[in-house]
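S.K.: Sequence:
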Amino acid sequence: MGPTWAVQLLLALLLPRPPAAAAYFSEERQPGESPLQSPTVLVAIIARNTAHTLPYYLGALERLDYPKDRISIWAATDHNVDNTTAILREWLTSVQRFYHYVEWRPMEEPRSYPNELGPKHWTRTRFEYIMKLKQAALKSARKQWADYILYVDTDNILTDNQTLKLLMAENKTVIAPLLTSQAAYSNFWCGITPQGYYRRTAEYFPTRHRQRLGCFAVPMVHSTFLIDLRKEAAQDLAFYPPHPDFSWAFDDIIVFAFSCRASEVQMYVCNKEQYGFINIPGKSQSTLEDDNQNFIHLMLDAMITGPPMAPSQFIHLPPKFPDKMDFDEVYLINLKRRPDRRERMLQALYELEIKCKIIDAVDGSAFNSSTLNAMGISMLPGYFDPYSGRTLTKGEIGCFLSHYSIWKEVVDRKLNKAVVFEDDVRFEGHFKRKLTRLLSDIEDVALEWDLIYLGRKLVNPSQEEAIPGVRNLVVAEYSYWTLAYAISLQGAEKLVNS
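Each step along the sequence shown adds one to the number in numbering that gives the first Met the number 0, with nothing skipped, and position 305 is 304.
In short, the hints are calculated from the structure, not lab data. Predicted model only: the values in this text are computed from it and were never measured. Keep in mind that the hints are not guaranteed to be accurate.
Below, simulated DSS-like cross-link-like pairs (lysine-lysine); rule was C-alpha separation at most 27 Å, straight line [unchecked claim]:
| hint | residue 1 | residue 2 |
| --- | --- | --- |
| 1 | Lys271 | Lys356 |
| 2 | Lys164 | Lys282 |
| 3 | Lys335 | Lys354 |
| 4 | Lys164 | Lys323 |
| 5 | Lys271 | Lys335 |
| 6 | Lys323 | Lys393 |
| 7 | Lys356 | Lys335 |
| 8 | Lys354 | Lys456 |
| 9 | Lys67 | Lys271 |
If you anchor each label on the Cβ, the simulated ranges turn out as follows [what the hints assert, rightly or not]:
| hint | residue 1 | residue 2 | range |
| --- | --- | --- | --- |
| 10 | Tyr100 | Ala183 | 54 to 62 Å |
| 11 | Gly388 | Tyr349 | 53 to 61 Å |
| 12 | Tyr477 | Ala248 | 48 to 56 Å |
| 13 | Leu457 | Pro240 | 35 to 43 Å |
| 14 | Glu447 | Lys323 | 20 to 28 Å |
| 15 | Pro240 | Ile466 | 54 to 62 Å |
| 16 | Gln265 | Pro240 | 55 to 63 Å |
| 17 | Asn160 | Leu116 | 33 to 41 Å |
| 18 | Ala261 | Ile466 | 56 to 64 Å |
Backbone N, C-alpha and C define an ideal beta-carbon position, used for all residues, glycine too.
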């Protein structure tokens with residue numbers, strides 16, 4: 000190779016090249032390709048006696064971050080004794096213009112199944128009917144050539160609006176988002192017996208409590224899960240009739256798990272995110288009010304752990320009627336610099352139908368020796384906490400003064416009894432019902448009382464003396480925390496006078 004070749008090569012490298020899309024003729028110039036549309040999804044809604052959960056369930060569905068024109072809704076309802084049918088109809092009428100397709104299958108009669116003990120009782124007839132409904136939804140999805148079908152029980156609330164996209168990204172045939180309940184219950188099993196029943200395993204709690212994160216192969220997912228209908232193995236999946244070799248318990252979730260096993264489809268549960276919440280199933284004899292109270296407890300938990308639930312914008316919520324229970328006053332102590340806590344507590348108390356009076360807390364963080372002296376406040380000489388061995392902190396002084404102002408008001412207004420909540424209290428299930436029953440039991444035995452802890456930290460756990468004739472009441476030993484308590488007039492007088 001001579002120098003002429005080298006010069007030509009150098010010129011070729013230095014001269015500007017035409018753009019990749021350049022062409023000799025204008026008709027050859029083409030724009031870039033547009034992106035693919037999102038996969039199509041059919042969402043199966045099968046509702047029965049869930050009027051109390053539907054507004055929040057439907058609100059979560061409509062807030063999913065996914066193109067609605069790529070979603071079809073398949074909705075069925077049956078055997079209702081509440082307002083489920085009317086709520087679903089109202090919602091579908093309002094939102095059908097946003098979705099690709101809506102199929103509506105209401106059944107007004109009958110209102111119950113033969114031989115059922117209550118609206119939460121699962122009889123064999125009910126299991127069989129739910130299998131047929133799920134199979135009908137699956138058939139509809141296949142007929143529409145939907146890419147996916149998403150089953151979501153109507154007491155499962157998907158508070159993470161990215162859930163659908165996140166599940167698709169895992170590229171599994173059957174996958175469920177782990178849902179949180181008020182207890183250990185969730186929407187997956189880590190173990191199954193040869194007869195198809197639940198089996199406890201060491202993996203369950205680390206998965207349930209998200210101590211290990213990922214997408215895990217499991218023998219059972221239920222309640223909320225996504226099926227990728229594009230997968231070849233998904234063609235054989237079915238809810239009804241059960242597989243010819245099926246001999247396990249006649250239950251829709253077990254029938255489907257067996258179908259997955261027979262089709263060599265592995266189920267997965269994903270807990271990489273906090274996707275949402277699942278209500279604990281009621282017992283056979285449970286009432287709809289029992290289920291409603293369980294759901295309210297779940298809502299209150301969601302306010303703390305987040306994200307909180309929010310109702311559909313297209314459904315009218317019936318008003319609640321808060322009261323003071325059997326107390327003369329209900330106080331809520333809140334620091335002005337914590338409006339987030341105030342908002343959460345007011346919403347929680349509203350859901351519990353408890354009416355309260357807000358007391359602005361004394362902010363101890365602003366205290367110093369001069370301000371305390373100016374207020375005439377001094378430490379009790381020689382006082383040290385009997386367990387920690389320290390004196391009071393500024394925060395504890397502010398807390399005391401906040402409660403002291405309430406005790407004085409109880410005395411000044413001569414209130415027979417009041418209840419006090421701090422703004423970081425966490426309510427347990429059926430709180431209002433339990434507290435009302437406690438007051439009734441106390442009245443029945445004519446118990447004279449000063450103060451009743453409704454929540455506390457027992458410093459030195461020991462056997463405490465039970466109060467005869469009153470359930471769940473003991474003579475309290477030394478305790479920490481004033482997050483919730485009932486106080487009588489005589490109790491307030493003793494505290495103020497001391």
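S.K.: None of the hints should be skipped; say for each whether it holds.
M.R.: Here is what the structure says about each hint:
{"no.": "1", "hint": "Lys271 to Lys356", "verdict": "41 Å, violated"}
{"no.": "2", "hint": "Lys164 to Lys282", "verdict": "34 Å, violated"}
{"no.": "3", "hint": "Lys335 to Lys354", "verdict": "19 Å, holds"}
{"no.": "4", "hint": "Lys164 to Lys323", "verdict": "45 Å, violated"}
{"no.": "5", "hint": "Lys271 to Lys335", "verdict": "36 Å, violated"}
{"no.": "6", "hint": "Lys323 to Lys393", "verdict": "32 Å, violated"}
{"no.": "7", "hint": "Lys356 to Lys335", "verdict": "14 Å, holds"}
{"no.": "8", "hint": "Lys354 to Lys456", "verdict": "26 Å, holds"}
{"no.": "9", "hint": "Lys67 to Lys271", "verdict": "25 Å, holds"}
{"no.": "10", "hint": "Tyr100 to Ala183: 54 to 62 Å", "verdict": "39 Å, violated"}
{"no.": "11", "hint": "Gly388 to Tyr349: 53 to 61 Å", "verdict": "42 Å, violated"}
{"no.": "12", "hint": "Tyr477 to Ala248: 48 to 56 Å", "verdict": "51 Å, holds"}
{"no.": "13", "hint": "Leu457 to Pro240: 35 to 43 Å", "verdict": "56 Å, violated"}
{"no.": "14", "hint": "Glu447 to Lys323: 20 to 28 Å", "verdict": "22 Å, holds"}
{"no.": "15", "hint": "Pro240 to Ile466: 54 to 62 Å", "verdict": "58 Å, holds"}
{"no.": "16", "hint": "Gln265 to Pro240: 55 to 63 Å", "verdict": "23 Å, violated"}
{"no.": "17", "hint": "Asn160 to Leu116: 33 to 41 Å", "verdict": "38 Å, holds"}
{"no.": "18", "hint": "Ala261 to Ile466: 56 to 64 Å", "verdict": "58 Å, holds"}
Hints 1, 2, 4, 5, 6, 10, 11, 13, 16, counting from the list given before, are not met by this structure.
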